[in-house]
Amino acid sequence: MKENFGLYMVMTDPVVGYEACARAAVNCGLRYVQLRMKNAPRAAILSEAKKVRAVTAGTGTLFIMNDDVELAWASGADGVHLGQGDMPLDEARKLWNVPGKIFGLSTHSEAQAEAAVVLKPDYIGVGPVFPTPTKTIADPALGIERAGTIIKNSPLTCVALGGLDETNLAAVLKAGAVNFCAVRAIMQNPEPEKVIRALQQIGRTAV
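Its first residue numbered 5, the sequence shown is counted upward by one per residue in the numbering used here.
Hints in this document: simulated from the structure, not taken from any laboratory.
A couple of the hints might just be wrong.
[Claimed, not checked] Derived DSSO-like pairs (lysine-lysine); straight-line CA-CA distance at most 27 Å:
(1) K98 x K42
(2) K42 x K105
(3) K105 x K124
(4) K105 x K156
All chains, full assembly: derive it from the sequences and hints.
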């Protein structure tokens with residue numbers, strides 16, 4: 005059954021710092037917060053991950069580590085999100101064979117979304133919907149309608165992502181998305197909690 009949790013927050017270089025940003029997510033009752041620190045030293049990632057874990061521990065917010073199963077394990081994360089170029093999902097499950105851990109997977113096309121069904125991740129990311137500078141080598145933008153069609157056709161829980169903000173989120177939701185991720189809109193704002201609540205409000209009223 006598809007889950008409906010609304011905003012999925014990915015933390016990448018937040019202006020307020022990772023710990024404060026995670027606290028904002030918890031305060032707003034978000035289901036998921038993911039730590040993504042591309043190109044940072046592993047020691048630095050683990051240090052921040054443990055701080056985020058401390059903030060989310062005992063709350064309803066689940067902590068997801070980006071890309072790295074070993075760091076997810078070491079930090080006590082609730083799950084890991086894997087890209088198409090990361091460790092294969094079935095291999096990650098074997099390595100981190102702990103009941104209840106969450107495994108997410110990025111998809112960037114109809115073919116990848118269809119292939120993900122066999123792998124049975126807990127959710128898939130679908131995007132980028134719009135062009136986004138948060139990734140060094142970005143995948144081609146799907147556009148609103150194409151992303152919406154992929155989401156509606158998939159039996160998996162889906163998260164629309166890539167260039168989403170307060171100006172375009174409603175259109176993405178009306179096209180079929182239920183869960184969504186906005187990175188820059190939150191990370192580059194000195195008041196992340198305010199932005200999170202604004203996006204949540206759009207999520208409640210757009211459809």
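Cross-check of the supplied hints:
The suggested pairing of K98 with K42 holds, with an alpha-carbon distance near 24 Å, which does not exceed 27 Å. This hinted pair checks out: K42 and K105 have alpha carbons roughly 22 Å apart, not beyond 27 Å. About 13 Å separates the Cα atoms of K105 and K124, which keeps this hinted pair within 27 Å; it holds. For the proposed pair K105 and K156, the alpha carbon gap of about 25 Å is at most 27 Å, so the pair holds.
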